[in-house]
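Protein chains: 6
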Amino acid sequence: MFYHDSKLQYKVRVEKPNPAFANMLQQAIGGIEGEIRVCLQYLFQAWGSRGPKKYRDMLMETGTEEISHIEMLATAVALNLEGAPVSLQEEMAKDKVIGAVMGGMNPRHVLSSGLAAMAVDSNGVPFNGSWVVGSGNLAADMYANVMAESTGRLLATRLWEATDDPGMKDMLSFLIARDTMHQNQWLAVLEDLGGLKGVHPIPNSFPQAKENHDYNYAFVSTKVNDEDGSIEEMRNARWSSGKSMDGKGEFSFNLGLPQGDLPELAPPDPRGHAQVEQMNGQAGIMNKIKHKF
Amino acid sequence: MFYHDSKLQYKVRVEKPNPAFANMLQQAIGGIEGEIRVCLQYLFQAWGSRGPKKYRDMLMETGTEEISHIEMLATAVALNLEGAPVSLQEEMAKDKVIGAVMGGMNPRHVLSSGLAAMAVDSNGVPFNGSWVVGSGNLAADMYANVMAESTGRLLATRLWEATDDPGMKDMLSFLIARDTMHQNQWLAVLEDLGGLKGVHPIPNSFPQAKENHDYNYAFVSTKVNDEDGSIEEMRNARWSSGKSMDGKGEFSFNLGLPQGDLPELAPPDPRGHAQVEQMNGQAGIMNKIKHKF
Amino acid sequence: MFYHDSKLQYKVRVEKPNPAFANMLQQAIGGIEGEIRVCLQYLFQAWGSRGPKKYRDMLMETGTEEISHIEMLATAVALNLEGAPVSLQEEMAKDKVIGAVMGGMNPRHVLSSGLAAMAVDSNGVPFNGSWVVGSGNLAADMYANVMAESTGRLLATRLWEATDDPGMKDMLSFLIARDTMHQNQWLAVLEDLGGLKGVHPIPNSFPQAKENHDYNYAFVSTKVNDEDGSIEEMRNARWSSGKSMDGKGEFSFNLGLPQGDLPELAPPDPRGHAQVEQMNGQAGIMNKIKHKF
Amino acid sequence: MFYHDSKLQYKVRVEKPNPAFANMLQQAIGGIEGEIRVCLQYLFQAWGSRGPKKYRDMLMETGTEEISHIEMLATAVALNLEGAPVSLQEEMAKDKVIGAVMGGMNPRHVLSSGLAAMAVDSNGVPFNGSWVVGSGNLAADMYANVMAESTGRLLATRLWEATDDPGMKDMLSFLIARDTMHQNQWLAVLEDLGGLKGVHPIPNSFPQAKENHDYNYAFVSTKVNDEDGSIEEMRNARWSSGKSMDGKGEFSFNLGLPQGDLPELAPPDPRGHAQVEQMNGQAGIMNKIKHKF
Amino acid sequence: MFYHDSKLQYKVRVEKPNPAFANMLQQAIGGIEGEIRVCLQYLFQAWGSRGPKKYRDMLMETGTEEISHIEMLATAVALNLEGAPVSLQEEMAKDKVIGAVMGGMNPRHVLSSGLAAMAVDSNGVPFNGSWVVGSGNLAADMYANVMAESTGRLLATRLWEATDDPGMKDMLSFLIARDTMHQNQWLAVLEDLGGLKGVHPIPNSFPQAKENHDYNYAFVSTKVNDEDGSIEEMRNARWSSGKSMDGKGEFSFNLGLPQGDLPELAPPDPRGHAQVEQMNGQAGIMNKIKHKF
Amino acid sequence: MFYHDSKLQYKVRVEKPNPAFANMLQQAIGGIEGEIRVCLQYLFQAWGSRGPKKYRDMLMETGTEEISHIEMLATAVALNLEGAPVSLQEEMAKDKVIGAVMGGMNPRHVLSSGLAAMAVDSNGVPFNGSWVVGSGNLAADMYANVMAESTGRLLATRLWEATDDPGMKDMLSFLIARDTMHQNQWLAVLEDLGGLKGVHPIPNSFPQAKENHDYNYAFVSTKVNDEDGSIEEMRNARWSSGKSMDGKGEFSFNLGLPQGDLPELAPPDPRGHAQVEQMNGQAGIMNKIKHKF
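Chains as they are written, first to last, in the numbering used here: chain G, 1 to 293; chain R, 1 to 293; chain L, 1 to 293; chain Y, 1 to 293; chain V, 1 to 293; chain B, 1 to 293.
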């Protein structure tokens, strides 16, 4: 069950509202690198958590924290939109700063939300539930989380570069710090689970005896016409020789060649109405279909 | 530039076509864990690669390999659809195996593609370009790639469990092996880039001096009413005490409390046509708007 | 800021897991009538709230409650998936109950989430942020909320009919009750704002003098060939005569006829490369373009 | 069956084309508040209408009218795009008005549609069929319709503020008037169906005896740390005391506390390939799975 | 402006309702091959039509007809859903025919629409406005229309095969006939516009002198390892030799080789926060950036 | 199986980077008219190809070539983004050229991709797999391909007009040339398959005897109030009289009139919880439901 405090987790102030920056901040709310994604991701992972209880507990702690981050950013968007130009009257467009601002604004901040944040990214593309990854495998999920916090911190540092508003820089320095922590936190779970050698290959519950042993530690090169000589570097790279990272194999280098045949499909089922020409000259077409329902 | 060989990278055979399994295989083609995603992800990362050339080269090698995997899976889907029921005539539905198959099929395999693979997942949801992550930061991208290969290998092992067709199991044992390799490969790049301590926090080019130092290594607990006593476990967990994973801080434990204020937004801009009641009693409404364009 | 309690808002128990019902429950999580939508909708409305503070406070209260509902439903999905069939082996499909279950399952519950809830609806279509309505106008938002709770309660009653599991029926009777309350709650705000006559037409801050007075209370009929005589009923219906609902006009009946002209567009801009035939015979094409940048 | 007249329902003229305003108008065509949505929504409600015929008839009347509104807006977009800048040549960007216009334009109006309207919103996000609500319950649908016309009229008034073109203002004054009527029209149906007390809770066909009676008229507060004292106001608000809006209950105030337990899920199914660590120490894992298929 | 008649364009009757077929019919309503798409496509093409008026007129005629087709199909869906199973009670699933039907149903037909059609395809994926093609070039649009009517007629014939209900077969024989006509109709426009030689290459208003003359009629082969000898057949195929279809060139055969260089991007902009390792050893990084804002 | 060469198919150079043009180029990468679409479309058509092998071979050749075009365009985007403004600092916005550029940029090029191409269109809308058409009918697919190359070439000519960078114009002249060839190539297949008269109506394998003969070559007019007299022109147009394009019928002109009845649906199923008023006065409601499961 969930509760709220009317105060914010961290202070949000905007000295000089900037509607174009409001639009940029949307990326950190409704974008694939944003806070709605990590919030739902950690919560769904917690709610579906099977196995040792401490991981569910931890995911709940941080999933809940992320709601507070959405709240901070939504507040920042609303504050940046105050006083935004809401019309296209020419006297406004003639002011060059405003002109630039208007070009960088999201028109839906005026038209749809009444100068408030929305569940969209900085292109106005709506948040998409497909981004919420919870696989049922804890290690895979931890990598999804490290990845989310890495692209999330990267986004936050770019927003930090894009603004010179001291309030916004301060808020971002808090969010950047939290992302530092969260990267470390999910990595700590991976250590807890055994580190590289214990964790990989993910899932570690599938018997490796059943995977193809000619290809499980081979770097496959697909390059032709090696005029710039890069294949030699590939052949000697860390990923083509030496012990594998999971300690369970030896890297090798493999010049890619097809091991399969020409694919051959049966002729079309007549009831699927391909063109006649696709069926011509193929007597007994249905006989060739291997499995008959 | 790209070339093709008419043969497949690895053999694909289906002993007993199963249209419901064809549908499941779509997850590995057009799903978020699937091959179109990794293919485009590695290629876009390569095409936008800035910095040492060897990383671009490697990404090109493997991005190209993944096209071959889409091809293998698309062929497997088409083979599994041969002889599929294409009508709802009752005599068919009466057969219980067929009934189950029909329930598990994607009707668009009959209606839209003529018994062939499509660029959709196992729910028929189309592939979405937002899943293609290329951030411009090599380490963030490598985590995106480890994550993709982890959920990808997990998916492949689940498909392996779902089928008893020897041909399909053989094909999947190859794909599972490649995912083993690719997990190791991206991890090798992370080692190349300095390992946990060199790489984190991502991006490592943002000066940590500028992040908030009260919160960058603190586990924030958001729990109230600790009846099951789990907070104690949280307080002592790997992620709440000891050296941080990146070696740059000391984990601490923080009982979450708001540091911010009650958020306060200006009244609505009259031209945004909120209800009158939202503006009542607010004389000089526009004067309160801090920044005037 | 937000907090959580590890316990659920209301008990969730499943006596007889049913993976097809798990799939149906997804509609109440990630569907347009579902809980992620209302949760984000009320929270975003609160975060962007401008005007009297009590409305923000109330929206925060209920938005936070809805997170607890997502949690309950996600737990219900996971419990309904326990023991679900994870393969297509024939001995399973031959059992007719299992066959039906498999047909009704979401294959991604096996393949993608490892038997846990996802942020998708009962067709596997991901939650979409465009459904989160917050307009900046409190009355419009209240209608969006009444509508969400109406389709939400409708969905919950249909789920109640679809299951005979006593645990699920009990959980749904709680959620149905909450929807009853929430319908009443948003209606109470509309009363607070002045009721039908005070609130409409929304937005009530736009001067009605500026809307077209020939058409603002006229029912426009678009019907031709009235063989079934329904136009007469339309002419006398509540919406075609008598005082308007907002008390600001008199309903009338209008047989629709065009008041506008044939639309006439300028010929194509040559640099837009329409076919030559679209431009033929149109000397001085650019001269006709009215406004020149 | 449907027919058309080549003339427009109402006149559409543009005195000074403005491509940035053309983009804004797209919100009223392909946006969630727009005309494609209401058009399809009313028509689908009509086509699926079960019960008294007069409601189907009315929905058909107005659904058909909305096609005419899409037509008017599409014409307005095309007229606003005439003479739009179609290149990025510097001499153009140097003109500040054009610069602002270019920033506010949708590049796809140049690249994809050849200066014509598209089925997208003002961010270029395509119209989405999920917005078309028809629930099979007439009262729920009416609220969906009131909501659509409320956000629709709000959008139209904001567009009215954004332009100073007399032709556009005149067209919008017509559309605003129609939205006034349509709000009233759907409210008239709700009155026809019994008003607040007859209609609610929606659906009124579900026996209220079967909903949870501890929670169906209780305002649940989720607030902690009430430093600003707002809980007191909540406790006395219209939604926490007095007769409920539907006249079927008495509002009460409830300090939210969990009534449920700690959720407990079974360990992972081994064939779902969680990490081994999620299964460790859990002897007889499969025995714990409650329901066995 | 638009009007309606309460009767259907063609009779719709269902002798034996089948909810699985109702689901299949959704493909013809909300699918990419379906009627909403062609309806909006022809109407948007009409509304944006620039050039000779007769093409706008014709597009209006047929765009309007397509609304009537959506209506017919929506009616057919509702009729096929009558009596559909609305619960998962076991006694139902035990009947094998019902079991199959339930597997093939869209659960949202029960949960969301109350046994009525929705604006989605047969996977429940919502209609998407991006499918509505109107390019501003009449010939390109005519090909989009021929394509839509070709996949549309194909879909209709597959639906015809999937049902044995005489009412549904009759309705489909009408829709198949209309698709025959519409294929011919758009082809007639292409003839009107000059046929293959007059129309191509589309757009015919771009001066061919400005396209690259080494590649505009050359078939480029990307094949390596020609073990099956297919390149020889390619070299002699209709598309590799002889007059081009547009009569403006001579087909040739070209063994694909790169004409470009190794791509070389500048090092990352430091403010974009790539990893330090991507910037190491690159003194004067900003100097290398060619264009400085 | 697939291979790559590190060099580009054709040279890509940018003399003067322009981030707004980078955004426009995205339409040719991830837009519906773009290269990811044709690439996947031709490859999926090849992989699902049933019938004469030469068509599969040809589709593979060209599908592979299209990957090279994505690569070229992605490189062009990255080069156009070099030196792009990455912040909103005022001194930048004050420069009017930069202001215009910032308005035309995609902020995600700064925030998400680190100045590299993404799998999105010029509105930032992600590539969508639904655009990948492969129907199983070769002729329908060829029209989908001609259509794709027609809108693709149209887009390329518009991009050519939008830039004055000689490098970009050169690259586009190559891509325009390839589109010329590909239009011709797919038309050559249609000739190979029998031309208009052999190919249509698509699918040609459905016996025309089974389509409705009153409507298969009739132009249906839906116009009322013919004040501008255009019906006469319609009546005599190429599509209303004379031999049909497929040579299998005679065009005729038909003034549209309904041939169907008023649609009549059964009352709502009570378990679907329509409002009581939808069921009132309908004794024995369930008896009316025609088919009982």
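To be clear, the hints were calculated from the coordinates, so they are not data collected in a lab.
Do not rely on the hints blindly, as some may be mistaken.
The list makes no distinction among identical chains, and a pair is therefore deemed to hold if it is satisfied within one copy or across any two copies.
[Said to hold, decoys possible] In silico BS3-like cross-links for lysine-lysine, where the CA-CA straight-line distance does not exceed 30 Å:
1. K169 <-> K7
2. K243 <-> K53
3. K54 <-> K197
4. K197 <-> K7
Since the structure is predicted, the reported quantities are computational estimates derived from the model, not experimental observations.
Quick rundown of the hints versus the structure:
1. K169 <-> K7: Answer is within: at 20 Å inside a copy they meet the 30 Å cutoff, but 37 Å across does not.
2. K243 <-> K53: between (34 Å within a copy, 24 Å between copies)
3. K54 <-> K197: both (22 Å within a copy, 26 Å between copies)
4. K197 <-> K7: neither (44 Å within a copy, 36 Å between copies)
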